[in-house]
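Chains P and A, in that order, give the protein sequences.
For the first sequence, my numbering assigns the number 1 to the initial residue and increments by one for each residue that follows.
For the second sequence, my numbering assigns the number 1 to the initial residue and increments by one for each residue that follows.
Simulated from the structure, these hints should not be mistaken for lab results.
Keep in mind that the hints are not guaranteed to be accurate.
Identical copies look the same in the list; a pair holds intra-copy or inter-copy alike.
Here are the computed lysine-lysine pairs in the DSSO-like style, where the Cα-Cα straight-line distance is at most 30 Å [unchecked claim]: (1) K153 <-> K191; (2) K54 <-> K191; (3) K86 <-> K191; (4) K181 <-> K191.
There are 2 protein chains.
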Amino acid sequence: MAKRLLGKEVNQALNKRITENVNLLQNQGITPKLAIIRVGENPGDISYEKGATKRCQTLGVACEKILLSSDSTQEELLKVIDRLNKDDEIHGVLLLRPLPKHLNQEQIENALVPEKDVDCMTDSSMTGVFTGKSIGFPPCTAQACMEILDHYKIDCTGKRAVIVGRSLVVGKPTAMMLLSKNATVTICHTKTKDMASVIREADIVIVAAGRPGVVDAECLRPGQIVIDVGINVDQDGKLCGDVDFSQAETIVDAITPVPGGVGSVTTSVSVSHVVEAAVKKAGLQ
Amino acid sequence: MAKRLLGKEVNQALNKRITENVNLLQNQGITPKLAIIRVGENPGDISYEKGATKRCQTLGVACEKILLSSDSTQEELLKVIDRLNKDDEIHGVLLLRPLPKHLNQEQIENALVPEKDVDCMTDSSMTGVFTGKSIGFPPCTAQACMEILDHYKIDCTGKRAVIVGRSLVVGKPTAMMLLSKNATVTICHTKTKDMASVIREADIVIVAAGRPGVVDAECLRPGQIVIDVGINVDQDGKLCGDVDFSQAETIVDAITPVPGGVGSVTTSVSVSHVVEAAVKKAGLQ
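Let's have the full structure, built from the sequences with the hints guiding it.
Right under this line is the structure:
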C-alpha cells in the first residue's frame with residue numbers, strides 16, 4: 001500500500017516555521033495581519049474564509065474581514081484595495097474569487113501591491129513565478145505541492161514530473177516551480193493524446209485537472225509519487241480528488257489523500273505568506 | 001533526407017504580412033519606426049544592428065539608432081528610455097543586451113512601456129506570454145519557432161513537443177506558446193536524465209541549449225520535426241546550431257538549418273512587432 005503524504009504532517013512543520021516567525025515579529029511589537037475580502041455570500045467563499053480565519057487565530061496572525069454586498073461597484077472594491085495597500089498594519093490580502101460578473105476582476109486583482117499579494121493574484125506576482133525573480137508570492141496551491149515534496153524529502157532533481165492540467169493557478173506555476181527544482185517537466189491537458197502513457201513516464205505526478213477519476217490504475221505504475229490537487233464531490237456527496245484513490249494506493253509508492261492532503265496545506269501556506277510578508281516588511285529577513 | 005524548413009520561405013510569407021500592414025499605415029500617413037539602442041561597440045551587437053536596420057529599410061520601417069558609449073550611466077539610459085516612451089513616432093524599441101556590468105539592466109529593461117517592447121524584455125510582456133493576456137509581444141526567437149511551425153502547417157494539437165533548454169528568453173516562453181497550441185509539452189535541461197530517450201518521445205523538438213551537438217542521432221527518430229535555435233561557431237569557425245545537422249537530416253522528417261533557419265526569422269519577427277505596435281496604436285487592428 002502506498003505511503004500517505006498527509007497534509008497534517010506537512011502543516012506541523014510549516015506551523016512551526018510560522019510560529020517562529022510570529023514570535024520574531026512579536027518581539028519587535030509587530031502582529032502579522034491578513035485582510036480577507038469577501039463579496040457576496042457564496043457558501044464556498046464563506047467556508048474558505050472560516051478555515052483561513054481559524055488557522056490565523058491558532059497561529060497568532062490577526063485577521064480583518066471585509067464583507068461587501070454582491071452588488072458592490074468596481075469603485076468600492078478598488079477603494080478597499082487602495083486602503084489596504086496603504087494600511088501599514090495589513091501584511092497580506094486575500095480576495096475571495098471569482099467576483100460577481102459585473103466587476104472587472106482583473107483590474108481589481110492588479111490593484112493590489114505585490115508585497116501583500118499572498119495568493120498570487122497580480123500579474124507581477126505571476127511574473128515572479130515565471131522568471132524566478134523575487135516578486136510577491138507563488139500561488140498557495142502550487143506552493144503547497146512543493147511543501148509536501150520538501151517535507152517528505154522527495155528530491156526532484158533529474159526526476160520526470162508530469163503535471164495534469166495547464167491552469168494559471170496550478171498547472172503552469174507548478175511546472176515552473178518543479179523546473180526550478182531541476183525536474184524534467186511535462187504538462188498534459190485535455191488535448192493530450194494517450195495521457196495514460198504520458199503519466200506512466202512520471203516519477204512525480206501532480207494532478208490538477210478538476211475532474212474526478214482522470215487518473216486511474218491505467219495511468220500509474222509502482223515507484224510513483226502522486227500529488228492530487230483536485231477537490232471534487234463524488235456521487236455520494238463525499239469529497240474526492242482527481243485521482244481514483246482506491247486504485248492508486250495499491251499501485252504507487254506514495255499519494256496525498258483528499259481530503260487531508262494538498263488542500264489543508266494550502267491554507268497554511270497562505271498564512272505563512274502573510275507572516276513572511278510581515279517579516280520582509282520589518283527587514284527581519 | 002529531411003525536408004529543410006527554411007527561414008527565407010517563412011520570411012517571404014512574414015514580409016508579405018508586414019508589407020500589407022506598412023501600406024495600411026502609410027495610407028494613414030504613418031511610418032512605423034523602430035529605435036535601436038546600442039551601448040558600446042560589441043561586435044555581436046553591431047552585427048545584429050546592421051541586420052535589423054537593413055531589414056527595416058527593405059520593409060519600409062524607419063529606424064533610429066541611439067549609440068551610447070560603454071561608460072554611460074544608469075540615468076542616461078533611463079532618460080533615453082523615457083524619451084522613447086513619450087515619443088509618439090517611435091513604435092518599437094530594441095535594446096541590445098547584455099548591457100555593460102556597471103548598469104542595472106533589469107531596471108532599464110522594465111522602464112520601457114510594454115506597448116513598445118518588441119522583444120519581450122519587460123516583466124509585463126513576459127506576464128503576457130505566461131498568462132496568455134495581450135500584453136506586449138513574446139520574445140522574437142520563441143515566436144520565430146512558432147512562425148516556422150505555422151508556415152509549414154505543422155499542427156501542434158495533441159503532439160508531444162520537447163524543448164531542450166529552460167531559459168527565460170527561449171525555453172520557457174516557447175513552452176507556453178506550444179502549450180497554447182495544444183501540444184503536450186516537456187522541458188529538458190542540463191539536469192535531465194537520459195535526455196536522448198526523452199527527446200525521442202517528441203514529435204516536435206525545439207533545441208535551445210546553446211551547446212553544439214547536444215542533440216545527435218541517438219536522440220532522434222523518423223517522423224520528428226526539429227527546430228534548432230542554437231547559434232554557435234564550430235571548430236572550423238563556421239556557424240552551426242545545437243543539433244548535429246548531418247546526422248539529423250538522415251533521420252528526421254524536417255529540420256531547420258543553421259544558418260538559414262530560426263535566426264533569420266527572428267529578425268523579421270522583430271520588425272513585424274514594430275509594425276504591429278504601430279497598427280495597434282493607430283487603432284487599425
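Status of each hint after checking the structure:
1. K153 <-> K191: between (33 Å within a copy, 18 Å between copies)
2. K54 <-> K191: neither (40 Å within a copy, 42 Å between copies)
3. K86 <-> K191: neither (44 Å within a copy, 44 Å between copies)
4. K181 <-> K191: Both: 26 Å inside a copy, 10 Å across copies.
In terms of the numbered hints stated before, the structure departs from hints 2, 3, listed from lowest to highest.
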